[in-house]
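Residue numbers (our numbering): 1158 to 1237.
Since no wrong hints were added, every one of them can be taken at face value.
Simulated restraints on C-beta separations: (1) Pro1217 - Arg1196: 17 to 23 Å; (2) Lys1168 - Ser1208: 27 to 33 Å; (3) Ser1184 - Gly1222: 20 to 26 Å; (4) Asp1181 - Gln1202: 15 to 21 Å.
Everything labelled a hint here was simulated from the structure, so no lab data went into it. Heads up, the beta-carbon is just placed ideally off N, CA and C, and yes, glycines get one too.
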Amino acid sequence: MMAARATQTEKKTPSMEVRRALLDLLSLPAGQATVERARGNVQDQLLVRLSPGAHPAQSPQTFCGFPVLYENLSRATTRW
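Could you build all of it, start to finish, from the sequences and the hints given here?
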């Protein structure tokens, strides 16, 4: 009974393999995007951070059962 309860409350998190597969699906040159895990209450989401000017081949809204969010990074200037 305790084991059944534990599996029902476990949060679904994307593995490194899932994140790499999504990155491969985007078909971008190296360094143009990163795929991170964004924490959620019920399940985590995949966060794709795109470099300025990056245009992925595909932009799925879900991948392997995880919602996918996209964020375009701006060219922020660094002040020293």
